[in-house]
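S.K.: From just these sequences and the hints, can you work out the full model?
One-letter residues, chain by chain:
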Amino acid sequence: MGKLPFSGVRILRPRAIKVPLDPFARIIKSSTEDLMRRVLCIACILIFCLLSRAAFADDTADRLKQLEDTVQNQSKTIEEQQKTIDSLKEDFSKQKNQVSPQRVQEPQQTNQDLQQKIQELNEKVDQVVETQKKEVLSVFNPAIGLVGETIFSYRSRGSADTGSYRPGGFDIYQRSVELNAAASVDPFAKGYVVVNASADPVTGESTLDVEEAAIQTTSLPGNLELKAGRFFGEFGRLGYIHDHELPFVNRPLVLAQYIGGESRTDGLQMNWLVPAEHYISLTLGAGDQFGGDNPPNYVGDYRQGSGLNYWGHLSSFFDLTPNVSLEPGISGLWNPATNAQWQINPANPPLPTDINGNTFIERERRLVGVDLVLSWKPLSNNQFQTITWGTEVLYSDNRYDVTDPSGSALPSRSVSSYGLYSYLTYKFHRQWTAGIQYEWLEDMQNSQAETCAESVNITWALSHWDQLRLQYTHTDNNAATGLHPDDAIYLQWAWIIGSHSHGWQQR
Amino acid sequence: MGLDHRFTLAWVAATLTLGKRSILMKSKLFRLISIIVFTGALCGWVTPAHAAKIRIVTTLTDLADFARAVGGDVVEVHSLATGVEDTHGVPMKPSYVPMMNRADLLILIGFDCEHAFLPALLEASKNPRIQKGTPGYVDCSKGIIPLDVPKSTDHYQGDVHPYGNPHYTLDPVLAKTAIENIYDALIAFAPQYQAKFTHNRDAYLTRLDAKIAEWKREAKLLKGIKFVSYHEHWPYFAKRFGLEYFGTIELKPGIDPTPRHIEALSTAMKSEHVSIVVREPQFPEKVPANIAEQTGAIMVTLPIMPGGVPNTETYIKMMDYIVYTLVTAVQAGKQR
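Heads up: the protein sequence lines correspond to chains Y and C, in order.
In this text, residue positions in the first sequence follow this note's numbering: the first is 39, and each later residue adds one.
In this text, residue positions in the second sequence follow this note's numbering: the first is 670, and each later residue adds one.
Hints were generated in silico from the structure; no laboratory data involved.
Given the structure is predicted, the values throughout are model-derived calculations rather than measurements.
Cβ coordinates follow ideal geometry from the N, Cα and C atoms, glycine included.
Treat the hints loosely; a few may be bogus.
Partner residues aside, some chain Y positions facing chain C, computed with beta carbon under 10 Å [what the hints assert, rightly or not]:
1. 109
2. 112
3. 257
4. 354
5. 419
6. 435
7. 437
8. 531
With a straight-line cut-off of 25 Å between C-alpha atoms, the simulated DSS-like cross-links for lysine-lysine are [unchecked claim]:
9. 801/C <-> 228/Y
10. 845/C <-> 801/C
11. 465/Y <-> 921/C
12. 921/C <-> 908/C
M.R.: See the structure below:
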């Protein structure tokens, strides 16, 4: 309660009257002659006192009256203020009673809403959690992708003249129906499978073929990586790349003949990243088959270690400028004793013969290669502009047992032959790449037989997963090959659905 | 590989290669292998011993800037990108492999931003310390709530990021989360330097906070401004500074625009008064410039990571460049 306004009121008190005593003492002690003067003085004093008493009496009464009036006024004021306070209290309590339902109930209402919302949210979260608990049998499934590749082509000569395994003239060939699956096996390895179901060139029926199925370590110490199973062994630059990832429609002739297509093997391969400041990668492997090598297994046979294929690849990389790089490599492949028994089995395809009709049975396989890729990939816009020059030169020095057409054995013969391909691609737009390619090779069995081919192509990549390539190829064969020159136009349409990874070999 | 190990390996290889009495010498193949091992060991041997600094590899340059700011003088940071690359188009150079092979920490943006080059490089690096799932694999997207998470991951939507838009570091407030993630990884790897890292981080965040306040102040002019860009780099930036992201010149992420798309975009831009065309330096200038000319918008070239254009070597300089370039463009647009 506030301080009432009393503090300003002054209560008046009657003033104290002082009577002088010393003059009276002097009067009593004075002589008689002064008696009259004294009596007069006393009388005067008495009169004065009486008068002054009356005067004082009047003054006190006035003051008392004033005081009473003041007190009365103040009492009135107090009463009025009390009334005001009471009325204010009344108003306040009224307002309190009127305001509280709004001001208090609103927060209560908000709290209730919040509680309700929290409850709803909790229920939703619980539902989501419950959904997550649902058993999903496919949760550990690997990443799966599918590649389709169709080749529309026209060749000016039949396959008898070109040595192709596809017919001449108009041809449509579903070359790849390739299923890829990959996932981690455990913290120490990953596994992947590539299964292809392309059409058989003769029957047209799809044959399911396991192209790759391998396990690859991911955490070996010493910068080592081990791969085992069926895989494309590392030889050269394009030997271990699937058809649809090549920079042109067909596999280079030299790889198709000297390696025998993709460098597929059932084997074991170790890769070592040399622990140096500079990139040096070394790969060594052993397998019972490599590319188109003859299947090495023959029932009843006892195979020495020399019956296996051994290969290696050493590569490095140089940044000539931030935008220009050079990646050289050398490769070797050696099979000390190829499987001759398989070759002479009459149930198998006929053996190769030379122009004289002599039959060649491969006894030892020796192949070395040099590969080089020079690229201009501007850091800032390499998705729009790139130039790549790739070249690979292979030298084959195989040893053959030779029999003449009558079946008599001739002295075994080593045939040295060279082959190469070189290509230049120019990506001039995000979607467009142009390329030229030159190929030349000597036949592995007969180095006098030479073939060369020139190609131009243009690739339109609508996206990462959809690509059309138009290619023209002119192939020339010399007389020793027994084949004829031909021209071919190819239209390749390749597509990917599902998972796709940007693999290391696509660098 | 330590120096002693390298020496031992070289000695063993030399013995196998040169020793006359070794039974293994009977095999030519083994001798060949030994020579190769010897050469390799020698290569390793002549390699200078690694400095005691913490070796960090980052995918992009903004992360490198953060790592240097937090790590200070106890870290050695290399970025795979130099700054001029597209975030999705860093080339897979084998020269990155030795760098990654020796790294203690790999710092990346995450949300699949680096899917085009990092998985293959990681595999080739043969470094178990930085593989996915290890403490050395530092995904800076931890704690970021992604924008534009696709409802479908069908490639009909282009090269869509299944985990959402990964360009969150263009929002400086979210960049602080990346810095915290780097800080956490650093103190987990080297707790002895915690006080130093904490001091460095706090100092950098103080600087960054002051700059954020400045950018927000300056960017008041940008509120409500509509813009298009070549690739969808800018949703986080637009949200932070109140711009309206109108669309992209690309048809879909990673897919070039068709003429029909460009025409439709230009028409919509004119009717909706879109005043800014952002071109990232990784993309050709022609199409964005044509669209800007047709619609009356102003084209600006903005970096997406430090070093993308000159004078943007650090993250703060880059954000300065972005904010002030946009403000200048908007002011110029208003004066037209």
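S.K.: Look at each hint and say if it fits the structure.
M.R.: Okay, the hints, checked on the actual structure:
1. Using the Cβ-Cβ criterion of 10 Å, the hint placing residue 109/Y at the interface with chain C is not satisfied: the shortest such distance is roughly 68 Å.
2. Because the beta carbon of residue 112/Y sits about 63 Å from the nearest beta carbon in chain C, more than 10 Å, this interface hint is broken.
3. Look at residue 257/Y: its Cβ gets to within about 4 Å of chain C, closer than 10 Å, so that hint holds up.
4. Satisfaction of the interface hint for residue 354/Y is found here, the shortest Cβ-Cβ separation to chain C being roughly 8 Å, below the 10 Å cut-off.
5. Because the closest C-beta pair between residue 419/Y and chain C is about 6 Å apart, less than 10 Å, the hint holds.
6. With its C-beta approaching chain C no nearer than about 16 Å, residue 435/Y sits outside the 10 Å limit, and its interface hint is violated.
7. Checking residue 437/Y against chain C: minimum C-beta separation of about 17 Å lies over 10 Å; hint violated.
8. Interface restraint check for residue 531/Y: the shortest CB-CB distance to chain C comes to about 16 Å, outside 10 Å, so the restraint is violated.
9. At most 25 Å may separate the alpha-carbon atoms for a hinted pair to count; residue 801/C and residue 228/Y meet this at roughly 13 Å.
10. Simply put, residue 845/C and residue 801/C have alpha-carbon atoms about 23 Å apart, close enough for the 25 Å limit, and the pair holds.
11. Simply put, residue 465/Y and residue 921/C have alpha-carbon atoms about 21 Å apart, close enough for the 25 Å limit, and the pair holds.
12. Distance hint between residue 921/C and residue 908/C is fulfilled; the C-alpha atoms sit about 21 Å from each other, no more than 25 Å.
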